[in-house]
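Protein sequence lines, in the order shown, are assigned to chains B and G.
First residue of the first sequence: 1, per full-length UniProt numbering; consecutive thereafter.
First residue of the second sequence: 1, per full-length UniProt numbering; consecutive thereafter.
What the hints contain is simulated information worked out from the structure, not anything from laboratory work.
Treat the hints loosely; a few may be bogus.
[Unchecked claim] In silico EDC-like pairs for lysine to aspartate or glutamate, Cα to Cα no more than 16 Å straight-line:
1. B/K866 x B/D747
2. B/K851 x B/E901
3. B/K837 x G/D158
4. B/K428 x B/E112
5. B/K851 x G/D19
6. G/K214 x G/D52
7. B/K274 x B/E420
8. B/K52 x G/D158
Each chain is listed here by its residues.
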Amino acid sequence: MTQPQLDLSPAVSDEIRQTTCYMCACRCGINVHLKSGRVSYIEGNRAHPVNKGVLCAKGASGIRQITAPSRLSQPLRRVGPRGSGAFEPISWDEALALAVAWMAPLRETAPEKVAFFTGRDQSQSLTSFWAQNFGTPNYAAHGGFCSVNMAAAGIYTIGGAFWEFGQPDWEHTRLFLMFGVAEDHDSNPIKIGLGRLKARGARVIGINPVRSGYNAVADDWLGITPGTDGLLILSLIHCLLEAGKVDLPYLARFTNAPCLVGPDGLFLRDGQDKPLVIADGRAVAFDTPGIQPDLGATHQGARTVFQHMAERYLSPEYAPEAVADRCGIPAPRIRALAAEIADAAFNHPVTLEQEWTDFRGDPHKTMTGRPVSFHAMRGISAHSNGFQTARSLHLLQILLGAVETPGGYRLKPPYPKPAEAHPAPHCKVTPGKPLDGPHLGYPRGPEHLCLKDDGSPARIDKAFSWENPLSAHGLMHMVIANAHAGDPYRIDTLFLYMANMAWNSSMNTAAVMEMLTDRGEDGEYRIPRIIYSDAYASEMVAYADLILPDTTYLERHDCISLLDRPISEPDAAGDAIRWPVVAPDRDVRGFQSVLIDLGARLGLPGFVDAAGGPLYADYADYIVNHQRRPGIGPLMGWRGNGDAEGRGGPNPAQLDRYIENGAFYQAHVPDDARYFKPWNRAYQDWAVRTGLYDAPQPYLLSIWSEPMRRFQRAAEGQGQRQPPEHMRARLKQAMDPLPRWYPPFGDEAARDYPLHALTQRPMAMYHSWGSQNAWLRQIHGHNPLYVPTAVWEAQGFAPGDWARVTSPTGEIIVPVAHMPALNPHTVWTWNAIGKRKGAWGLDPNAPEATKGFLLNHLIHELLPPKGDGQRWSNSDPVTGQAAWFDLRVRVEKCAAPPPDEAPEVLPQFPVLPDQGRGRA
Amino acid sequence: MTCLPGQTEKKLGLVIDLDTCVGCHACVTACKGWNDQGYGAPLSDQEAHGADPSGTFLNRVHSYQVSPPEAVPFTVHFPRSCLHCDDAPCVTVCPTGASYKRIEDGIVLVNEDACIGCGLCAWACPYGAREMDKAAGVMKKCTLCVDRIYNETLPEVDREPACVRTCPTGARHFGDLSDPDSAVSRLVADRGGVALMPEMGTKPVNRYLPPRAKDRGAQVSPLAPLLDVQATGFAGWLDRVLGKI
């Protein structure tokens, strides 16, 4: 029998267009193949710095996202009661005129009555600029319920954090530890890195209550009890200090370990305000050339940070034997882990033959580092002790000498950038005028809090107030609850972009839906107006009064900017664009272009020319021509005449150059600038040349945090700005200038709710978007509650059983499944899968709605009342990060809910009408 | 009945590293995306946005919980697709000759023009690697991307299966397993690669690299405390530690 003749070289497509993925926040480069003008295939771009050709499950499935029936198709105005989903289509002119009619009078009288919060947009440089020029103090993105603890603790400690801020030295690291990482935003780079480690047999250790995903391939797994990571890390530090396994020369040169702590807890300084260190017995400024600062010095009664630190962590309270039970990890394993870290760091140093010069002018013949690296994310940060835990992890890296050294953790441009190099937050409102500065920033002391003259919070989310002084990303999760309660004041128009606050992005979801529809005694909604922009018919759509339909990611311009959240690598600054590789087939507009249009119609500075006309035609025009500072714009590549990098005037052909180059640009770090960046003259000078810095900004890593100490001093009664009495004790604990551990606030409920309850992000699904994807929902269409063996057996569970899951504030009934590789005190489920019936263009009986569920119903946005009349938010007391993972529950076997033939999870909510294009 | 070739010139196949696979499903949708527009009929979906969605996939990933006695439980992610067996029962069972194994490279394919959709081959395959496409009514299976690996319109570096090209951790490898010096054969030798269910007698070509031994903790190098902190106090510790500079 002869074999069939095959065409082995078929043409793949008519054309390839290269742009940037947005199936999650990872920003991979993609090749979009088109046949007859339609998208036929999507693969990774091999030349792209983020994904180097690979692509995840979501990325390849983008082809089904751009045809999803849930796509909104035209502007909508609410005609029925809010929440009913009754809308009428209107034109864009009507929609924009309505938005202007609502917002323009508020700008002239009380700009703070407009609250503008954005979800996963990656265009915060534009949205914050818009909000600042509108004049409202009420602006932030979603970091407050995402991972601000991780970001802020990193900035305050090492001048950068994980993901966009930096990454392990995959090339040289020998031991890699992941804390609280399931799937992550840095999706493909972490997988690529793990693959590199695995290929050369480097060791990977996962510290996580759940052995899924990355933890499944870890060589060792420590199934830690949630909320105790900080305790484990400080115990590791205890062991390392006890044995003297810390990098003393590194600590002396590059950290504030040798700085002298005065009786007020602040550093002794010279006349130029520079912290003093002792070298050769003399007190000199920390940056004096040629010095060897003394870590063990005392001076006028002041001791070094090193001594304060060592004394604290050498205490027996941090010994492995003292923490083992609480962490759920035996003491010998903790000691073994410390030994393994010490062995990798100090018995196997990495030395690169590369000369460099430090900020003191001292030359170094080689670059030597410690091949131990870490990654951590929401698992450690989404707790009420998350900020201090993240700081503890950075302290561990610092003690090893593994920050910005070969084999350790490497920062990406525009980082390193310490808190002092960031703006402070601004909140001064002047009707009809812009805000007095950027909304978000890094406070250095109580003087930077956003408070009104009467001491009450200036922002609707109470960011930068005594409740959470360092809330660098705002508290989007508190906006609706606070606006509904009128605490600290009432607002008029809530303007949201791409944030599913009526479902998976809110704690206490059912109550949030009620807040959005609740009316005051005057019969008006307590939140009078809601404008919402999204590309899809999410659960939030029904709760808006005006819908501005966005495009999908293949139909739009976007800018992944160094002014915002770029795609840099440790060896290169990088930015990228999206551009419309296909045209929308419905009456939708890219939200950023709509925002620019609204800015012009409102006459906002920065959006109108001298004659009052629109300054920009659309977002593409803005990307090319906007200048934040002279010569500095949203994109760094091909500026000026087309050959300028970083600094240069606008180039009309800039977007064409990006498209020709695969939609990205990279500026490479010189060889002698690749490591030791915070102290490396070559790096600092390069960063100034490329426009990342305006001047060199070397700094010391911050073991002792002076900004935190300034808040702690206020709590002790020092200084002009004083917290309310009821805040003092909590602030004094939370704002400790040295990392510490305290039990998560949720533990107060532990007696009746013995189990921890977590969510993890599945690798093939990203928040809500994935559910409408015909391929991805076949991979993850519903989510059971995973139960450890002890609970499974105690409850007598069998496959197919259901459980009642009860928290101090809520109850759900859900299907269960057994998982042995799980911390014995923890239950968990996948997030992003559970849906409300009728949303996202899915059949009302879709498994996402009948067998998928949210844990959110169990999590309150407030802590249980303390009897003091205060509303205490369920957030980290330093940054305000939503403490999702403090959740405590009990689990009891129960009968399957009705209907008998096909049980459905509880709670259920009325079916939402279909707002999308209908089934394809 | 359809005959197998006595011998093939090459044995192209996959080597999948279970020590490295994180279960991300990238290979699943890359395969779906390529083969939806590639060899043969598209891979259809039924009730794509409905109450009971299902569709044709040539590659799926399963996750298993493993609880060895007296050891720490773990999770294994297991990608599953056609193993391109030397003694492929799916071929010999085919009544029309539609299923066949290519002489030049050993790839097992379905000639869809000759497939009557009887499903016997899926029944015969012990690995569950074949899926009937409900829309087209023909049997679908992994082609090893036969329309990629020789495709002269693609850059040479891209002439590999879509699942291999996309795998973010590099857990999937493609090559000629009949050549003992090929990279995949050496990988199998170095890492103790195994055939799946060899007792079935189908002689699979694909190999799986088993997970490395886990949870052994640190082997050696215990920390030696500088001294007994509690006995000599902080000052003694400080002197000792700083004496090391």
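Structure-based check of each hint:
no.	hint	verdict
1	B/K866 x B/D747	holds, 15 Å
2	B/K851 x B/E901	holds, 13 Å
3	B/K837 x G/D158	violated, 43 Å
4	B/K428 x B/E112	holds, 10 Å
5	B/K851 x G/D19	violated, 32 Å
6	G/K214 x G/D52	violated, 38 Å
7	B/K274 x B/E420	holds, 13 Å
8	B/K52 x G/D158	holds, 13 Å
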